[in-house]
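**Q** Chain by chain, the residues run as shown.
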Amino acid sequence: AQSVTQPDIHITVSEGASLELRCNYSYGATPYLFWYVQSPGQGLQLLLKYFSGDTLVQGIKGFEAEFKRSQSSFNLRKPSVHWSDAAEYFCAVGGLGNTDKLIFGTGTRLQVFP
Amino acid sequence: NAGVMQNPRHLVRRRGQEARLRCSPMKGHSHVYWYRQLPEEGLKFMVYLQKENIIDESGMPKERFSAEFPKEGPSILRIQQVVRGDSAAYFCASSPVSYNEQFFGPGTRLTVL
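Sequence order for the protein chains is A and B. If you count the first sequence from 1, position 30 lands on 835 in my numbering, and the numbers rise without skipping. If you count the second sequence from 1, position 58 lands on 1174 in my numbering, and the numbers rise without skipping.
Misleading hints may appear alongside valid ones.
[Unchecked claim] Residues from chain A that face chain B, not an exhaustive set, calculated with beta carbons under 10 Å:
| # | residue |
| --- | --- |
| 1 | VAL886 |
| 2 | ALA897 |
| 3 | THR904 |
| 4 | ASP905 |
| 5 | ILE908 |
For the record, the hints were derived by calculation from the structure and aren't laboratory data. Note that the Cβ used here is the ideal one computed from N, Cα and C, for glycine as well.
Take the sequences, apply the hints, and build the full model.
**A** What follows is the structure in structure tokens.
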């Protein structure tokens, strides 16, 4: 069955430090890949997406992600974290053959210290 | 262009009552998806609808849950005879076409007493 793994449940970084959130998926073909951010009590906002083409994807708020087929990974990165980046981050996969649903990872909670 | 609208934002029900959650997709979007987020968990797919049709309900519990997306009006997720385990945040998403980005609403947080 298809699955998405976010191995880091909780990450704490200092403001200005670099960030990498890990995401691995299990699927036979290359799925569509997404990163969403959720602030407390809010809905989900799309940070970036990968459908095909260039494997390094630029998103909003200074985030980027790199698709690595050989590792079945789609890690999210940001060179310098801001306090406002504190939130829950979800990786998701879609385009899974005959279904249009998204499968989400369990999320990584990011805490930013000043 | 207004985003995906969900109402109510918060809903409290007692065990055994019915809960009705509404979702108005973005203008021009005919694809609607419902997801459930249990506390401290990621989102789990429930159902995918197009106008007047259920396309994929593989994530929907077999009993007490139903969904519709009529020709006119919002999509409705209905939970009959709610139980404490139904307490969760329910998110709706919409898309203009299939296999594309899904735009999420703010969610309805259901609390069952």
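**Q** Hint by hint, say whether it matches the structure.
**A** Comparing the hints with the structure gives:
no. : hint   : in the structure
1   : VAL886 : violated (22 Å)
2   : ALA897 : holds (8 Å)
3   : THR904 : holds (5 Å)
4   : ASP905 : holds (5 Å)
5   : ILE908 : holds (7 Å)
Taken one by one, the earlier hints fail for this structure only at number 1.
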